[in-house]
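S.K.: Using this note's numbering, you'd call the opening residue of the sequence shown number 7 and step up by one each time.
Possibly wrong hints are sitting among the right ones.
Below, computed lysine to aspartate or glutamate pairings styled on EDC-like, alpha-carbon distance capped at 20 Å [what the hints assert, rightly or not]:
| id | residue 1 | residue 2 |
| --- | --- | --- |
| 1 | Lys8 | Asp136 |
| 2 | Lys8 | Asp76 |
| 3 | Lys8 | Asp113 |
| 4 | Lys16 | Asp121 |
| 5 | Lys18 | Asp136 |
| 6 | Lys16 | Glu108 |
Distance windows between CB atoms, simulated [stated by the list, open to error]:
| id | residue 1 | residue 2 | range |
| --- | --- | --- | --- |
| 7 | Gly100 | Ser122 | 37 to 43 Å |
| 8 | Arg94 | Asp11 | 28 to 34 Å |
| 9 | Ser10 | Ala57 | 27 to 33 Å |
Bear in mind the hints are in silico, worked out from the structure with no lab data behind them.
Think of the CB as a built atom: it goes at the ideal place given N, C-alpha and C, for glycine as much as any other residue.
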Amino acid sequence: MKESDEIIGKLKRRAARAAAHCYAPYSRFAVGAAVLSATGQVYAGCNVENASLGLTQCAERVALTTAIADGSAPGTFTTLVIYTPGTRAHSPCGACRQVMHELMAPDSLVASCCDSNEVRVWHRSEHLPDPFSPGALSHLTNDDP
7 MKESDEIIGK LKRRAARAAA HCYAPYSRFA VGAAVLSATG QVYAGCNVEN ASLGLTQCAE
67 RVALTTAIAD GSAPGTFTTL VIYTPGTRAH SPCGACRQVM HELMAPDSLV ASCCDSNEVR
127 VWHRSEHLPD PFSPGALSHL TNDDP
């Protein structure tokens, strides 16, 4: 078994435990996520829905922001695993892809797992083509009027 398979398996178990705590009364779609920091710390999150839908928090973003709140540095997360119950591994939403692109390490990977053996994996360069990046805001630091 490759080291990355072991890491994905460990994170899948943590993400599955987190999914069990989700609050999804509207979609009834439980999602858990676990992210590995550069120091080896694992942070988990679950989706938390809201009746206004736009305020719903996805599991991936909950895991990443929990890690940031605990002091992990943006851009240093090596692996993020998404877990959804059932037999199909689902891809992350666009908002999560954007946040993952900014907060994950350049050589990181994202994996999606489920109750079957299906695992989908993306490297950072693959999960969000042509991302909006901090460089796009460089004009805001320009001293020109």
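S.K.: Holds or violated: Lys8 and Asp76, Cα atoms, limit 20 Å.
M.R.: Distance ~29 Å between Lys8 and Asp76 Cα, so the pair is violated.
S.K.: Are Lys16 and Glu108 close enough, with their CA atoms no more than 20 Å apart?
M.R.: violated (24 Å)
S.K.: CA of Lys16 to CA of Asp121, is that 20 Å or under?
M.R.: holds (14 Å)
S.K.: Should the hint that Gly100 and Ser122 are 37 to 43 Å apart at their CB atoms be regarded as holding?
M.R.: violated (25 Å)
S.K.: In this structure, is the beta-carbon distance linking Arg94 and Asp11 contained in 28 to 34 Å?
M.R.: Violated - the Cβ-Cβ distance for Arg94 and Asp11, about 20 Å, lies outside 28 to 34 Å.
S.K.: Straight-line Cα separation of Lys8 and Asp136 no greater than 20 Å?
M.R.: violated (30 Å)
S.K.: Decide if the proposed pair is consistent with the structure: Lys18 and Asp136, CA atoms, cutoff 20 Å inclusive.
M.R.: Judged against 20 Å, a Cα distance of about 28 Å means the pair is violated.
S.K.: Do the beta carbons of Ser10 and Ala57 sit within 27 to 33 Å of each other?
M.R.: Once the Cβ atoms are compared, 39 Å apart, the range 27 to 33 Å for Ala57 and Ser10 is violated.
S.K.: Does the alpha-carbon distance linking Lys8 and Asp113 stay inside the 20 Å limit?
M.R.: Given that 20 Å is the threshold and the Cα spacing comes to 17 Å, the pair holds.
Of the hints listed earlier, those the structure fails to meet are numbers 1, 2, 5, 6, 7, 8, 9, in rising order.
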